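Enquirer: Here the protein sequences come in this chain order: A and B. For the numbering used here, add 120 to where a residue sits in the first sequence, where the first one is 1. For the numbering used here, add 120 to where a residue sits in the second sequence, where the first one is 1.
One or more of the hints may lead you astray.
Which copy? The list can't say, so a pair holds if one copy fits it or any two copies do.
Stated by the list, open to error - Here are the simulated lysine-lysine pairs, DSS-like style, with alpha carbons at most 30 Å apart:
| # | residue 1 | residue 2 |
| --- | --- | --- |
| 1 | K250 | K186 |
| 2 | K159 | K214 |
| 3 | K254 | K267 |
| 4 | K254 | K159 |
| 5 | K186 | K267 |
| 6 | K205 | K290 |
| 7 | K250 | K314 |
| 8 | K186 | K214 |
| 9 | K284 | K205 |
| 10 | K214 | K290 |
| 11 | K159 | K205 |
Keep in mind the hints are simulated off the structure, nothing from the lab. This structure is a prediction, so every number in the text was calculated from the model and none was measured.
2 protein chains.
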Amino acid sequence: MPYELFYWTGLQGRGEFVRLALEEAGADYIDVAREPATKGFGTEAMLQILESAREPHIPFAPPFLKDGDLIVPHVANILMYLGPKLHLAPKDEKLRYVANGLQLTITDMVAEVHDTHHPISGNLYYDEQKKAAKARSADFLRSRLPKFMNYFERVLQQNPSGAKHAIGDKLSYVDLSLFQLIEGLHYAFPRAMKGFATRYPALAALHESVRERPNIARYLASKRRVAFNEDGIFRHYPELDQDPD
Amino acid sequence: MPYELFYWTGLQGRGEFVRLALEEAGADYIDVAREPATKGFGTEAMLQILESAREPHIPFAPPFLKDGDLIVPHVANILMYLGPKLHLAPKDEKLRYVANGLQLTITDMVAEVHDTHHPISGNLYYDEQKKAAKARSADFLRSRLPKFMNYFERVLQQNPSGAKHAIGDKLSYVDLSLFQLIEGLHYAFPRAMKGFATRYPALAALHESVRERPNIARYLASKRRVAFNEDGIFRHYPELDQDPD
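With the hints as extra help, turn the sequences into a complete structure.
Expert: Following this line, the structure appears as structure tokens:
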């Protein structure tokens, strides 16, 4: 039975971190909200689960994964669940908590990226909170972006098995998520990301190596990959971008 | 060997969610930063790990747990790791992903509570971002707080084993974290939390039942429990609080 991934249509968003793992592994999955309502899929099918009064384990928000009866919500949780099944997690069980820790730091950074354009409320339009967005973005680019990137660069550089992967000497879902994070940052903040490869050589090399993996390259060129846009997490608003210090 | 918990001193913060699980289980643990530097502990010992150039698996930030050589960062990850060892997680492995999903929703809400007083930057003082804090808090109390609380109330009400616990018919670390979340919300937003027990009866009952557990009651009355204060996540700034709609 295929995995069922539930996420909003029309944007990459948080669902994309899960899609990359499923695509790299060549897993059989249905991107439920994007499939036709006439076949019982579509956004309506997702909302039915979210609003269900009988489901014993309801998710708070998309994305969530359904594997048979089990509903697994939250990106890091989905990846921790899928990782071993897709051969994208360390074999050593203890290292799976290391992988999950790295993924949760990616989660935190993604939330901060989101809040650069929505610092006050997800219920207001960007234009209604632009002044606060400028202040938050300036702080993010000056302080948080380098802090996170220095950290992930250290993670790669201090990996005893070499700087090609976040953990051990094999690709894991963490590497795929780092690719997506860097890809999104390049899209949203091209000025701030100038000189990225010089400042963070191991991260830049990882980013390139993931992009060139056959299944990932095929996916990125397919219609299944939604383009970055201003409905997602990573939004390109030139007025929020700035050159690095 | 005792577990070693690493977290900032002087505040409950995110570390408190881990402490409650360790205390409920009567686990042997060292709250490293609070112990004397003369014995090799203290905040300095925590910073040494964070800044280590040799450690293979560095955390991004506190809290993190050390169990022998393994370093496990992030609250939800620590609790997922400790849960089965402390008998505070479901026995069914699949349900552990349900527990982790709930814990990650708590994590998200905690981050939103933090951002009510720091919507622009953790590098600025509250007073420097007070206007944005007021706007964000108003939105949080009007929209997000009821959304999260309605969700957790539904989780309890839809639990096929009864509304006393978040998962199954036994206490889990998720119940302990819900206690801490509600406790913190009462401290930070006493006006917004008026009528809480009427609106969310199952959550209010869970909150009371956790408080009365012998190990928790003993811990809350001990010196190990730091009082809520304006250095933590849950801060009482009366100007940010408001009555429910």
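Enquirer: Determine for every hint whether it applies to the structure shown.
Expert: Structure-based check of each hint:
1. K250 - K186: neither (37 Å within a copy, 42 Å between copies)
2. K159 - K214: So K159 and K214 pass the 30 Å test across copies only (28 Å; inside, 41 Å).
3. K254 - K267: Cα proximity of K254 and K267: in one copy and across copies (19 Å, 27 Å).
4. K254 - K159: The answer is neither: 44 Å in one copy and 46 Å across copies each exceed 30 Å.
5. K186 - K267: between (35 Å within a copy, 23 Å between copies)
6. K205 - K290: So K205 and K290 pass the 30 Å test inside a copy (15 Å) and across (29 Å) alike.
7. K250 - K314: within (24 Å within a copy, 33 Å between copies)
8. K186 - K214: Classified as both: same-chain Cα gap 25 Å, cross-chain 12 Å, threshold 30 Å.
9. K284 - K205: within (22 Å within a copy, 33 Å between copies)
10. K214 - K290: Intra 16 Å, inter 26 Å, cutoff 30 Å: intra and inter.
11. K159 - K205: Classified as within: same-chain Cα gap 27 Å, cross-chain 44 Å, threshold 30 Å.
Hint compliance for this structure: hints 1, 4 are not met, and every other hint is.
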